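So the protein sequences, as listed, match chains A and B. The number in the numbering used here is simply the position in the first sequence, starting from 1, with 780 added. The number in the numbering used here is simply the position in the second sequence, starting from 1, with 780 added.
I should point out that these hints are in silico values taken from the structure, not numbers from a laboratory. Check before you lean on any hint, since a few could be wrong.
[As the list claims (entries may be wrong)] Now the stretches of chain A that chain B is said to cover, found in silico as 3 or more residues with beta-carbon under 8 Å: (1) 943-955; (2) 958-971.
[Stated by the list, open to error] Only pairs whose alpha carbons sit at most 27 Å apart, straight line, appear in this in silico DSS-like list of lysine-lysine: (3) A:895 with B:926; (4) A:806 with B:969; (5) B:814 with B:925.
All values derive from a computational prediction rather than experimental measurement. Every residue gets a Cβ at the ideal spot worked out from N, C-alpha and C, and that includes glycine.
Protein chains: 2
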Amino acid sequence: MKKTIITISREFGSGGRTIGHLVAEKLGYPYYDKELIKTVAEKTGFDPNYVEEYGEYSPGKTLLSLLSSYTGSRGTMGGMSIYDFLYVVQRKVILEVADKGPCVIVGRCADYILKDREDALHVFIHADEAFKEERIVRLYGESEKKPAERLKEKDTKRAVNYKHFTDRNWGDARNYGLSLNSSTLGIDKCVELICEVANLD
Amino acid sequence: MKKTIITISREFGSGGRTIGHLVAEKLGYPYYDKELIKTVAEKTGFDPNYVEEYGEYSPGKTLLSLLSSYTGSRGTMGGMSIYDFLYVVQRKVILEVADKGPCVIVGRCADYILKDREDALHVFIHADEAFKEERIVRLYGESEKKPAERLKEKDTKRAVNYKHFTDRNWGDARNYGLSLNSSTLGIDKCVELICEVANLD
Numbered sequence: 781m782k783k784t785i786i787t788i789s790r791e792f793g794s795g796g797r798t799i800g801h802l803v804a805e806k807l808g809y810p811y812y813d814k815e816l817i818k819t820v821a822e823k824t825g826f827d828p829n830y831v832e833e834y835g836e837y838s839p840g841k842t843l844l845s846l847l848s849s850y851t852g853s854r855g856t857m858g859g860m861s862i863y864d865f866l867y868v869v870q871r872k873v874i875l876e877v878a879d880k881g882p883c884v885i886v887g888r889c890a891d892y893i894l895k896d897r898e899d900a901l902h903v904f905i906h907a908d909e910a911f912k913e914e915r916i917v918r919l920y921g922e923s924e925k926k927p928a929e930r931l932k933e934k935d936t937k938r939a940v941n942y943k944h945f946t947d948r949n950w951g952d953a954r955n956y957g958l959s960l961n962s963s964t965l966g967i968d969k970c971v972e973l974i975c976e977v978a979n980l981d
Numbered sequence: 781m782k783k784t785i786i787t788i789s790r791e792f793g794s795g796g797r798t799i800g801h802l803v804a805e806k807l808g809y810p811y812y813d814k815e816l817i818k819t820v821a822e823k824t825g826f827d828p829n830y831v832e833e834y835g836e837y838s839p840g841k842t843l844l845s846l847l848s849s850y851t852g853s854r855g856t857m858g859g860m861s862i863y864d865f866l867y868v869v870q871r872k873v874i875l876e877v878a879d880k881g882p883c884v885i886v887g888r889c890a891d892y893i894l895k896d897r898e899d900a901l902h903v904f905i906h907a908d909e910a911f912k913e914e915r916i917v918r919l920y921g922e923s924e925k926k927p928a929e930r931l932k933e934k935d936t937k938r939a940v941n942y943k944h945f946t947d948r949n950w951g952d953a954r955n956y957g958l959s960l961n962s963s964t965l966g967i968d969k970c971v972e973l974i975c976e977v978a979n980l981d
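Whenever a hint applies, use it, and build me the whole structure from the sequences.
This is the structure we're talking about:
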């Protein structure tokens, strides 16, 4: 069955976002990433930067569970923590986007949110450490933290966020139709394989 | 870089062994599965059935760690438990097989044992529950246990065995160059994709 909804989960620095862009371009499908953030920001009233930061990254291993039951000065939304509220809105936007037709969606637990759609192909992109380190320094510049530390921090937050909202392990091959190592295959080959698998009858 | 050593890890019932056979046939590489068992049996003096059972499946979640330090009536091999001893011999055989030249190896932690070889492609094959259930009943017959139970039991043992000897999580996409869902892709497409990726320059 042809897959017209493509979700891409990715390790930080693996090139997953670039791959998503290129797949969308090649298949002529709309690409959702920043657009989702904008819509979620509009629906929630949150700043887009805030949505970008906390829509995919938990505030930390121990903090997330604390904040999920947080009733302090920043308040809760209908009994929910702001993180849960953000997830609920984001989930609704992703379901609406998928209902509209073919698309490529990067990150934001979209693989889990759309797991029951038979027309969806869920992809996980990962890469070797050296490849990711070189890539983040080249694309996002140096920082006071070592590249290895930056990778670990970001992916740990993604994994904690994913576990919290899906109760699944981030990066488990069994959650994806296709998982690829972009450093051994190369970005272009990943794009080609994803398009090939998506277009199977 | 062309990959001439192909390891295939697989969920029970996913068709990983069949895929391994077909990949070996298509690439003209020797296929190691039962042959490994025979060699390990010869080197250890154990019965091949015993090697088949315990070379890949731990005796159970709690039992494995107990047995690993077991010094009871069945004795230990040079201070090791029989399970550790079996792993050490199996590891040596796998390293020797890979040194000999191109090959396809199914299961037995070969992905971990050969993780540092740049000429190796590590593949994980998984599938949806219904596909695996139908397959094991068709291929291995009925049993007093429900198919779902049989799947869970076998894969839990594989995961425990893998964790014990590698300290990695079985099925984590990041341990493989390529992970495929054989129930959505089909056996033949999996074979085709593996050969395609293995033959990349």
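Status of the hints after comparison with the structure:
1. 943-955: holds (count 5)
2. 958-971: That given contact holds, which follows from 7 residues of the segment 958-971 of chain A lying within Cβ reach (below 8 Å) of chain B.
3. A:895 with B:926: Holds, because 25 Å separates the two Cα atoms, which is no more than 27 Å.
4. A:806 with B:969: holds (21 Å)
5. B:814 with B:925: holds (26 Å)
In terms of the numbered hints stated before, the structure departs from none.
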